[in-house]
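> Starting from the known structure of chain A, arrange chain B on it as the hints suggest.
One line per chain: the protein sequences are A and B, in this order. Numbered continuously in our numbering, the first sequence closes out at residue 561. Numbered continuously in our numbering, the second sequence closes out at residue 581.
Heads up, a few of these hints could be off.
Stated by the list, open to error - The following label-pair restraints were derived from C-beta to C-beta distances:
1. A:R397 <-> B:R535: 51 to 61 Å
2. B:G249 <-> A:Q315: 26 to 36 Å
3. B:Q439 <-> A:R214: 52 to 62 Å
4. B:R429 <-> A:D534: 19 to 29 Å
5. B:G574 <-> A:R397: 34 to 44 Å
Hints in this document: simulated from the structure, not taken from any laboratory. In this text, a Cβ means the ideal position worked out from N, Cα and C, and glycines have one as well.
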Amino acid sequence: MRFVDEFRDGALARNIAANIAREADPRRRYHLMEFCGGHTHAISRYGIADLLPANVRMIHGPGCPVCVLPAGRVENAIRLTQTPGVTLCCYGDLLRVPAADGMSLLKAKARGADVRMVYSSADAVKIAQENPQRQVVFFAIGFETTTPPTAVAILQAQALGLANFSVFCNHVLTPSAISHILQSPEIRQLGVLSLDGFIGPAHVSTVIGSRPYEYFAEEFQKPVVIAGFEPLDVMQAILMLVRQLNEGRAEVENEFSRAVTRDGNVKAQLLVAEVFELRRIFEWRGLGLVPYSALRIKAPYADYDAELRFQIPAVSIADNKACECGAILRGVKHPRDCKLFGTVCTPDNPVGSCMVSSEGACAAHYSYGRFREVR
Amino acid sequence: MTKPKTGYTRPLDFKHGRVDMTHGSGGRAMAQLIDELFVAAFDNEFLRQMNDQARFPAPQGRMVMSTDSHVVSPLFFPGGDIGCLSVHGTINDVAMSGARPLYLSASFILEEGFPLADLRRIVESMAQAARDAGVAIVTGDTKVVEQGKGDGVFITTTGIGVVPDGVDISGERALPGDKILVSGTLGDHGVAVMSLRENLTFHTSIQSDTAALHGLVAAMVAAVPAIRVLRDPTRGGLATTLNEIARQSAVGMMLHENKLPIREQVKAACEFLGLDPLYVANEGKLAAICAPQDAERLLQVMRAHPLGCDAAIVGEVIEDPHHFVQMETAFGGRRVVDWLTGEQLPRIC
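This is chain A alone, in the form it adopts within the complex:
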């Protein structure tokens, strides 16, 4: 497969692995957080941990859109499907996220709710066009990558005069999550979590560019390397981080130069700015309430805001007490540290959200890496 196999070449990987092993200083540690679920997935799927020396450790970050969505918002969506005439469209992973009482959209669907899995926001607009008698709600989630398509869907619905289409907006922002982690007490005071550098998001950065990360590198003195989602990208980024740390640098470097520029996709940014504005505060699973970390639909597009149309209330649902998703999303704990991992919480019966999406730290570790825990 052209343009893919080149980035999965085993011989090149061993080459980079040899460089990492040679250059990593055995007297120090390299605790690197990959922010994105896409990286978490690549690391687990390709067995990248096997190729790294013991003192280079990857810490999984919160960049899995399904994982950070609080149960309350899923509960909102489930209740919405009970409203007569409502068709809810969402991305596939969301169907299985548990809300209150183990209920999920998939279970609601089995009980008769009209829930449709879509591959893109455009599919939801099409469903609204084809079903004028239904109120079609698009359950929009995700980081900056999925936000522009949602903006386009709203603009399209407006152009088409679709009165039966609205968006339940849950879009969140990467930079606010990273600063929240860096300012968390575990890092700043307790020293529970040591973070030496970040692998920056791939697809998010194609939209927002590399500039927004310059602040962290400067303010927190942590190197950031933006990397693609292919396994060789990840390996190369690890090597670049090791080099920065060895040389005492804390800069933003761009490994994913084939797709990411410093300024990003300006057209997409303008689309987002046209339709969305910052929320003052938003709840994240694992991170709690994070100020200015999410988007809502601007007043001129309020007609397409499902939260207003259906008067969706704020609902907060506590996670299962034993579930460590919160700590895992902050990088404080590893999936193996959770008592529920692999016992009552499995990908087939997820308790916490990290076990749902294949990008979630727990699901990735369970599906690809759990043989390491039983030796």
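Showing chain B alone in chain A's frame:
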């Protein structure tokens, strides 16, 4: 006054006609559908007895029996349709014991309003597949459900076959050290069906691999009677099949990613849709496990058969109290190849 013609029924309109509730009522309309369509297409001495059951001579030896329901959507897909699929599916399940399949039954659930033209296409495809396989469809049943309560047509087939003496193929027989073989490229059927789904139409030259494998199995059993395990990796793909066997045999497995035969187009489609070809359905492939000293001979026999020309040795059975199926990635790491979680591709067969 004209005299009524005795015994005249207007023939079924296979051009514009549609299934209606009378076709399942047990009355004359149903008898006509059976005569003009099913018996005409499947014609054989057992069916011609026109009883509620088929009577046939019982062969010597151990008999095997298997049943399979088919609900694939869409009904027609590149490389096949629900008709030939329903014949191949059950023949293959019977053949994976090493058996020679002999007889099939076919049960239809038709939805009111289904075009008779499509039904005829499906039934003729079944008849052709059964003739090609040398297996007779000896009995059947037809029911009709109201519009909106079915999806065109569902077909259940049941097969009977007989296992040659000295052949003992079973899922619990894999032993550490054994070799794992597959008969050809993985994921073709699932991707072919997926390419036609309404919400993700994409163009691909991939055809379903649907095929009856008992000829290939006969050649394999003749060359290596001591084959330990055979299974066709349908829903859930090779990953799921190997996990089933690992659990049954209480062993682990180690696959080598760079040995797995997967077409470029299938890889590309899976990459695009976020699927893993190891979990995508096959309808004309089998996985075999045999002793290491038999592996090379078995591979040669498979490659010499038209349905096994892309066969490959893809891994080994290993000792593992946790029964993990693992894979050495082409990248150089190791990972679990787990059971399928949730549903990857619904209604694939």
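> Work down the list of hints and note, for each, if the structure agrees.
Hints, verified against the model:
Distance hint check: the CB atoms of A:R397 and B:R535 are about 56 Å apart, consistent with the given range 51 to 61 Å. Checked against the hint of 26 to 36 Å, the pair B:G249 and A:Q315 passes, with Cβ atoms roughly 34 Å apart. A hinted range of 52 to 62 Å for the beta carbons of B:Q439 and A:R214 is consistent with their spacing of about 56 Å. In this structure, B:R429 and A:D534 meet the distance hint of 19 to 29 Å, their C-beta atoms being roughly 24 Å apart.
The hinted window of 34 to 44 Å between B:G574 and A:R397 holds, with their beta carbons roughly 38 Å apart.
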